[in-house]
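Enquirer: Take a look at the letters that make up each chain.
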Amino acid sequence: MSTLTDPPPDIDPPDAATAAAHRTAASSPAAAPGTVLAGRRLSSRRVIPAPRRRRPVTAGSVLRWAVVILMSLVFLYPLAWLLAASLKPRGEVFDNALIPRTFQPQNFVEVWNQLPLLNWVGNSILIALLAAAFVTISSSLVAFGFAYFIFPGRNFLFGLVLATMMLPGAVTLVPQYLIWNQLGFVGTTVPLWGMNLFGSAFYIFLQRQFFLGLPREIFEAARVDGVGYFGLFWRMALPLSIPSFVIVFLFEFQASWNNLQSALVYLNFGAPEQYTVPLGIASAMTRYSPTNGGQGDYQYVMVAALVVTIPMLVLFAFGQRYFIEGAATQGRKG
Amino acid sequence: MTSSPLSRAVPRAPRRRSRMNRREAIAGFLFISPWIVGFAIFTLGAMVYSLVISFSNYQLATNTAAPVGFTNYRLLLEDPKVATALGNTLFYAVMAVPLEIAFALFLAMQLNRIGRGAGFFRTLYYLPKMTPTVATASIFFLLLNGNQGAVNKALAAIGIQGPQWLLDPDWVKPSIVLMTLWGVSGTMVILLAALKNVPRDLYEVSSIDGAGPVRQFFAITLPMISGALFFNVIVLTIAALQVFDQAYLLFYRDQVQAAPDASLFYGVYLFQQAFRQFNFGFAAAMAWLLFVIILLISLLQVRIGNRFVYYEQDR
Numbered sequence: 001m002s003t004l005t006d007p008p009p010d011i012d013p014p015d016a017a018t019a020a021a022h023r024t025a026a027s028s029p030a031a032a033p034g035t036v037l038a039g040r041r042l043s044s045r046r047v048i049p050a051p052r053r054r055r056p057v058t059a060g061s062v063l064r065w066a067v068v069i070l071m072s073l074v075f076l077y078p079l080a081w082l083l084a085a086s087l088k089p090r091g092e093v094f095d096n097a098l099i100p101r102t103f104q105p106q107n108f109v110e111v112w113n114q115l116p117l118l119n120w121v122g123n124s125i126l127i128a129l130l131a132a133a134f135v136t137i138s139s140s141l142v143a144f145g146f147a148y149f150i151f152p153g154r155n156f157l158f159g160l161v162l163a164t165m166m167l168p169g170a171v172t173l174v175p176q177y178l179i180w181n182q183l184g185f186v187g188t189t190v191p192l193w194g195m196n197l198f199g200s201a202f203y204i205f206l207q208r209q210f211f212l213g214l215p216r217e218i219f220e221a222a223r224v225d226g227v228g229y230f231g232l233f234w235r236m237a238l239p240l241s242i243p244s245f246v247i248v249f250l251f252e253f254q255a256s257w258n259n260l261q262s263a264l265v266y267l268n269f270g271a272p273e274q275y276t277v278p279l280g281i282a283s284a285m286t287r288y289s290p291t292n293g294g295q296g297d298y299q300y301v302m303v304a305a306l307v308v309t310i311p312m313l314v315l316f317a318f319g320q321r322y323f324i325e326g327a328a329t330q331g332r333k334g
Numbered sequence: 335m336t337s338s339p340l341s342r343a344v345p346r347a348p349r350r351r352s353r354m355n356r357r358e359a360i361a362g363f364l365f366i367s368p369w370i371v372g373f374a375i376f377t378l379g380a381m382v383y384s385l386v387i388s389f390s391n392y393q394l395a396t397n398t399a400a401p402v403g404f405t406n407y408r409l410l411l412e413d414p415k416v417a418t419a420l421g422n423t424l425f426y427a428v429m430a431v432p433l434e435i436a437f438a439l440f441l442a443m444q445l446n447r448i449g450r451g452a453g454f455f456r457t458l459y460y461l462p463k464m465t466p467t468v469a470t471a472s473i474f475f476l477l478l479n480g481n482q483g484a485v486n487k488a489l490a491a492i493g494i495q496g497p498q499w500l501l502d503p504d505w506v507k508p509s510i511v512l513m514t515l516w517g518v519s520g521t522m523v524i525l526l527a528a529l530k531n532v533p534r535d536l537y538e539v540s541s542i543d544g545a546g547p548v549r550q551f552f553a554i555t556l557p558m559i560s561g562a563l564f565f566n567v568i569v570l571t572i573a574a575l576q577v578f579d580q581a582y583l584l585f586y587r588d589q590v591q592a593a594p595d596a597s598l599f600y601g602v603y604l605f606q607q608a609f610r611q612f613n614f615g616f617a618a619a620m621a622w623l624l625f626v627i628i629l630l631i632s633l634l635q636v637r638i639g640n641r642f643v644y645y646e647q648d649r
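As given, the protein sequences belong to chains Z and W, one line each in that order.
So in the numbering used here, the last spot in the first sequence is 334, and the numbers never skip.
So in the numbering used here, the last spot in the second sequence is 649, and the numbers never skip.
Hints are supplied without guarantee of correctness; some may be wrong.
Which bits of chain W does chain Z cover? Going by a derived footprint, with three or more residues having C-beta under 8 Å, they are [what the hints assert, rightly or not]:
1. 380-388
2. 566-577
Pulled from the structure, derived: some chain W residues nowhere near chain Z, Cβ distances all over 10 Å [stated by the list, open to error]:
3. T398
4. G403
5. L410
6. T418
7. L424
8. L433
9. I494
10. P497
11. Q550
12. F551
13. F552
14. P557
15. L630
16. F642
No lab work stands behind these hints: they were computed from the structure.
Each residue gets a CB set at the ideal place from its N, CA and C atoms; glycine is no exception.
In isolation and in its complexed conformation, chain Z is listed as follows (with noise of 0.2 Å):
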């Protein structure tokens, strides 16, 4: 009973992490994304045991086809609502029918004209690019200081990072507006990708587990062929742990895309070409509304809704293992 007592885990970073180091000291330094797929594959190898026999179709098997085709559904549905609902006249957003009666599409090139969506785009995309590629490199560095050296103080420094993942965001609200307001970064998106600078726990601890999966050894070869410490990290352990990197490139992005609570304190009160993507679309959400003098234009809404999912839906398209194994890794740290 060894799956037992050693459960491989869906990224399996000992695995994937031998397997590329395997690679790297038979050919090229840079491993392939695909590794950790290929430890997956290695790892659900080991955790189904026998070839599985045909399953008879019986009453619960057609059952649970039908519950998994309706939930499947049930999840479409809002989003092949939304397409419909984007290429809608006014009048008719909010029927039910998933065929617009009058097409509109000219919804698609009004939209432009009507909101300031191509600089919420734009804003949004360059804070999570930033958002993103800071918050990978600094977590990688810091999860390397904890995963390979020793020195005093470690364990309770790492229980510290951890900690931090509990700490409710609302606690630390008010005092960081206030620190940016201090250092006079307020209006503009600096508070929004600034803090990403220094690492964020989960980010830290994913890492952290990823590069324990590497081996020692090819590190203490490294230091005696003349490797600095800076260099082990760079030529080596980056190389080596892509897969992580691409999962928390990929979750901060979308973190950052999704933020509305920042850009509400910190740009709200600013030029509404200066909004990012939740922001701008919450305003428009109000402009249009009847309560507030609006037309109830919310054909607009929804294209501008439709616009700004579209990069996401891509995003998993290409990324989408990544997606799900980095929330499935999620579940690992407690």
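Mind docking chain W on chain Z? Use the hints.
Expert: Relative to chain Z, chain W alone:
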């Protein structure tokens, strides 16, 4: 934490000269220095700062703060809106967290059982999670519209008079729960990973012993994934107690329209006090109250959880 090559080799390595160790320690500190700086300023510094402010009447315009003792905390207890917001938030958490866990577990179990094709459906189910919150909110804002929304029209088609989701105080919180449930796939993915790690032989052996699916669920599945379940309960509770985005987008975005008191969540009221009224002292006191409440609830959950959670290392 599982031992792994990098960490395992550390204690076994022969003791090197202390100068080497010292150089290594300095290098280690340099590597983690970004985090130390960030922690000192934006976490620890911020927490101390917020504690100081909560005992003052901080004025943003003049950037001055005079100590006022416990005044903010007294006002906090006297403000009926704080009690309302706290009640709403706890009510929401008690409703949302069990539903999220149950729904996510239900979905994960279905996907775990169908075998082939599970990956495809997992992808489909994950799409709502990729949808930006602001897009989700604008979709549900229209879907849940009491008079014209698709949800009520669908209910009317089967003869049910749907509620005024976004206006009726009784239905405000359920409407946010619905939105949250639509994006439940993050939790589902964690539980699905846990389910995949339950050894199949346990089911095979127990079915030979005559255990039915219900018995297997309670005797094998639940205990084996209790660690993941417990983790999700804690994380989802902390998130629910801080709920902001959905409530703000659905009810407080529009500052002209008066939102029903039932939608006044703690996070929203804190935000209003800080960034609309500029009562920073009051808001800081609110934040500390929330912190203490979250801490107490988490500790309580850990105490209760430890009795039920099965950890493999304990065997």
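Enquirer: Hint by hint, note whether the structure agrees.
Expert: Here is what the structure says about each hint:
1. 380-388: holds (count 5)
2. 566-577: holds (count 6)
3. T398: Fine: 12 Å to the nearest Cβ keeps T398(W) off the interface.
4. G403: About 19 Å separates G403(W) from the closest Cβ of chain Z, which puts it past 10 Å; holds.
5. L410: holds (14 Å)
6. T418: The claim stands: T418(W) keeps its Cβ more than 10 Å from every Cβ of chain Z (closest is about 17 Å).
7. L424: At about 14 Å from chain Z, L424(W) clears the 10 Å cut-off, so the statement holds.
8. L433: holds (14 Å)
9. I494: The claim stands: I494(W) keeps its Cβ more than 10 Å from every Cβ of chain Z (closest is about 15 Å).
10. P497: Per Cβ check, P497(W) is outside 10 Å of chain Z; nearest 17 Å; holds.
11. Q550: With a cut-off of 10 Å, Q550(W) remains clear of chain Z, as the shortest Cβ separation is near 13 Å.
12. F551: holds (14 Å)
13. F552: holds (18 Å)
14. P557: holds (12 Å)
15. L630: holds (12 Å)
16. F642: The claim holds: F642(W) sits with its nearest Cβ about 14 Å from chain Z, beyond 10 Å.
Hint check: no violations occur; every hint is consistent with the structure.
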